[in-house]
Structure formats: structure tokens, C-alpha cells
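Just so you know, the protein sequences line up as chains A and B, in that order. When we follow the working numbering, the leftmost residue of the first sequence carries the number 15, and every step to the right adds one. When we follow the working numbering, the leftmost residue of the second sequence carries the number 15, and every step to the right adds one.
Hints should not be assumed to be uniformly reliable.
Identical copies go unnamed one by one, so any copy, or any two together, can satisfy a pair.
[Claimed, not checked] Taking lysine to aspartate or glutamate and the EDC-like style, the derived pairs with C-alpha atoms no more than 16 Å apart in a straight line are: (1) 96 <-> 154; (2) 174 <-> 154; (3) 131 <-> 70; (4) 76 <-> 44; (5) 16 <-> 181; (6) 144 <-> 154; (7) 158 <-> 134; (8) 16 <-> 134; (9) 33 <-> 114.
Since the hints were derived computationally from the structure, they do not count as laboratory data.
There are 2 protein chains.
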Amino acid sequence: MKTIKFNEFQKKIMEVIKKGAFLTVKDRKEINTMTIGWGSIGVIWGIPIFTVLVRDSRYTHKLIENSDQFTVSIPFKGQFKKELNYCGTYSGRDVDKFEELDLEIINGKKIDTPFIKGNDIHYECEVVYKQDMDKSLLFDQNIKNKFYPSGDYHTVYYGKIIGTYQE
Amino acid sequence: MKTIKFNEFQKKIMEVIKKGAFLTVKDRKEINTMTIGWGSIGVIWGIPIFTVLVRDSRYTHKLIENSDQFTVSIPFKGQFKKELNYCGTYSGRDVDKFEELDLEIINGKKIDTPFIKGNDIHYECEVVYKQDMDKSLLFDQNIKNKFYPSGDYHTVYYGKIIGTYQE
Numbered sequence: 015m016k017t018i019k020f021n022e023f024q025k026k027i028m029e030v031i032k033k034g035a036f037l038t039v040k041d042r043k044e045i046n047t048m049t050i051g052w053g054s055i056g057v058i059w060g061i062p063i064f065t066v067l068v069r070d071s072r073y074t075h076k077l078i079e080n081s082d083q084f085t086v087s088i089p090f091k092g093q094f095k096k097e098l099n100y101c102g103t104y105s106g107r108d109v110d111k112f113e114e115l116d117l118e119i120i121n122g123k124k125i126d127t128p129f130i131k132g133n134d135i136h137y138e139c140e141v142v143y144k145q146d147m148d149k150s151l152l153f154d155q156n157i158k159n160k161f162y163p164s165g166d167y168h169t170v171y172y173g174k175i176i177g178t179y180q181e
Numbered sequence: 015m016k017t018i019k020f021n022e023f024q025k026k027i028m029e030v031i032k033k034g035a036f037l038t039v040k041d042r043k044e045i046n047t048m049t050i051g052w053g054s055i056g057v058i059w060g061i062p063i064f065t066v067l068v069r070d071s072r073y074t075h076k077l078i079e080n081s082d083q084f085t086v087s088i089p090f091k092g093q094f095k096k097e098l099n100y101c102g103t104y105s106g107r108d109v110d111k112f113e114e115l116d117l118e119i120i121n122g123k124k125i126d127t128p129f130i131k132g133n134d135i136h137y138e139c140e141v142v143y144k145q146d147m148d149k150s151l152l153f154d155q156n157i158k159n160k161f162y163p164s165g166d167y168h169t170v171y172y173g174k175i176i177g178t179y180q181e
């Protein structure tokens, strides 16, 4: 058996997600977008699912909890570096990211949540299942120490991919 | 914006996983392999993660709960149709699938759980987090009716991918 670093599609997903993407949420008139560097794509319950994690403390968490929908807009070509850095640093509670960064939106096709214009691929997702992480079940001590020193755990959102678009 | 059915890497994952793969577990001397048609690959906690779901009623569930490790062996070229069908139908509690199907194994490289020989790609995974589904949070009624009419929910296993191999 030959060890390979990743197979082709795993590599693609890892490259894309690790570079950063925009997770956008909207609840009535409130819109926010945040930077995600984590995520997972697959088939669960026989349907395509995009899984994202959002900490309970985030402004995004409040909006997605109410709307149960989200979009993910991914820049394949490394664009939006400054914007992704900003959106990973500041909270939508304190600043209007769209105004600060001149981000333009594209209206959602099947849901009310928009996409961030200028990205290469856009996913439109409806949350079908979600669950707060249970710290007693996270037995990997490295992960615990590195990501949850203050106990600010994630909620895992399983979004049914109802649309995939290229600009 | 142009609607696309899937983007390239989503399509690949969906094709591969939907066709079926072997989820193999081992606890001390007990080995079992089952067919999975669901799964998800991505980056969570900054590491590559393969997510699999196993119902509480499965023989595999008992073994993975004890060992906290699994492998996934995927036939890209459509081989093992008969075997995947068999492993999706019969329980390792009742039959020895390896004997019945003449399945050969390859020993694990970093963990004690083997791979199923003859597949095109093999993932070696250590469970870092797991959580039983909470039925009160599954608000998609279609999914509930279709997959959980008798309340036999899944445990979600988040496996850190510690090795990827080609035969």
C-alpha cells in the first residue's frame, strides 16, 4: 500500500476550506457574514449536506438559530484575503461588515439569505439538523485545550445543499 | 449566476459515497465491516475529518464505541457490488462476513483496525469526537419519517484522518 497525502477530492476540499470562505446568514433584516476555515461536505440522509460549526458566542449564531438557513461563498483563487481576515476578526454586532468592506451581495435564489458577490462558488443551504457540542464527548484533549479553553463550544449545523451556483 | 448541479469536488464525493464503501471496525479480536452510503469529508478543528454515522442498533456501533477508531475503504470503480449489498443486509452478529464473502484484509498502518483489500482508497481514522443524535433537534419531518420511524437514531463519529492510502 502506498501512503498518499490526500486523495484528489479530499485535497480539493481541504485546500478550499482552509483558505477561508464566507458563511452568510440573515434573520429578517439582520445580515451577517463570517469567515469559516472549517467545514465538511458529503451525503447524509441521502442528500447533499454542508456542515458548518458556529460558536454559541457569535453574532452569526443568533441569526442562524432564528433563520435555519445559510449560504457559503468560496473564493477559489485566493481573492478576498483582506475581507476574510476582517470578517474573522470583527463581530457583526459591532460593525457593518458590508459597509466597511464594500461587500456586495447577490440575493438568494431559493432562500432569503444572500451570497457574497465575487466568489467562485456559492452554496445555498437549509438547516435540517443542528446540535450543540457536548464537551463531555470531546475526548481529544489537544482539541479541547486548543479550541475550547474558555468553554465556548460550537453548534454543528447540517445544511441541506439546495443550490450550488457559479457566478 | 449559473446554477450548476454540483461543483467538481462535491460531485466526486457524492458519487463515491453514494455508491457505497466499507466501514470497518475492530475491538480486540472482533472485526466487522458494514456498508455505508453516507459520510462527509472536510476540515474541522484544523484537521482532516471523516464523519460517519452508525445506528445504535448496529454491531459496528458496539465495536466502534469500544475502540474509537475505524477505517473506510472505497471502491471507485464499482467493484464489490455483491459484497456491499451483503454487508448492508446482514449483521456481523449473525454471520462472519469475511468468511462468507472471502473478504481479505490489509492490516492497519497506524491503528489496529484493518482495511478491506481490493479497494481503491483507504482512510484510517481515529475518533476525536462523537455524539448521539438528539431527535428533538431533527426538525426535518421528511428525514425523521424516512429514516427514523422506529426511533433508531445514529451516533455521529468524527474521525481524524490519520492516514490515506492507495493499494
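Cross-check of the supplied hints:
Neither within a single protomer nor between protomers do residue 96 and residue 154 lie at most 16 Å apart by alpha-carbon distance, with minima of 33 Å and 37 Å respectively. In the homo-oligomer, the alpha carbons of residue 174 and residue 154 lie at most 16 Å apart only across protomers (10 Å), although the nearest pairing inside one protomer, at 28 Å, exceeds that limit. In the homo-oligomer, the alpha carbons of residue 131 and residue 70 never lie at most 16 Å apart, since the shortest distance is 27 Å inside one protomer and 43 Å across protomers. Taking identical chains as interchangeable, the C-alpha atoms of residue 76 and residue 44 lie at most 16 Å apart only when both belong to the same chain, with a minimum of 10 Å there against 45 Å between chains.
For the homomeric pair residue 16 and residue 181, the shortest alpha-carbon distance between copies (6 Å) is at most 16 Å, but the shortest distance inside one copy (39 Å) is not. When the C-alpha separation of residue 144 and residue 154 is checked against a cutoff of 16 Å, the pair qualifies only between copies, where the shortest distance is 11 Å, while the shortest distance within a copy is 22 Å. For the identical chains of this complex, residue 158 and residue 134 are neighbours neither inside a copy (34 Å) nor across copies (34 Å), given an alpha-carbon limit of 16 Å. In this homomeric assembly, residue 16 and residue 134 come within 16 Å of each other (Cα to Cα) only across copies, at 11 Å, whereas the closest approach inside a single copy is 34 Å.
For the identical chains of this complex, residue 33 and residue 114 are neighbours neither inside a copy (21 Å) nor across copies (46 Å), given an alpha-carbon limit of 16 Å.
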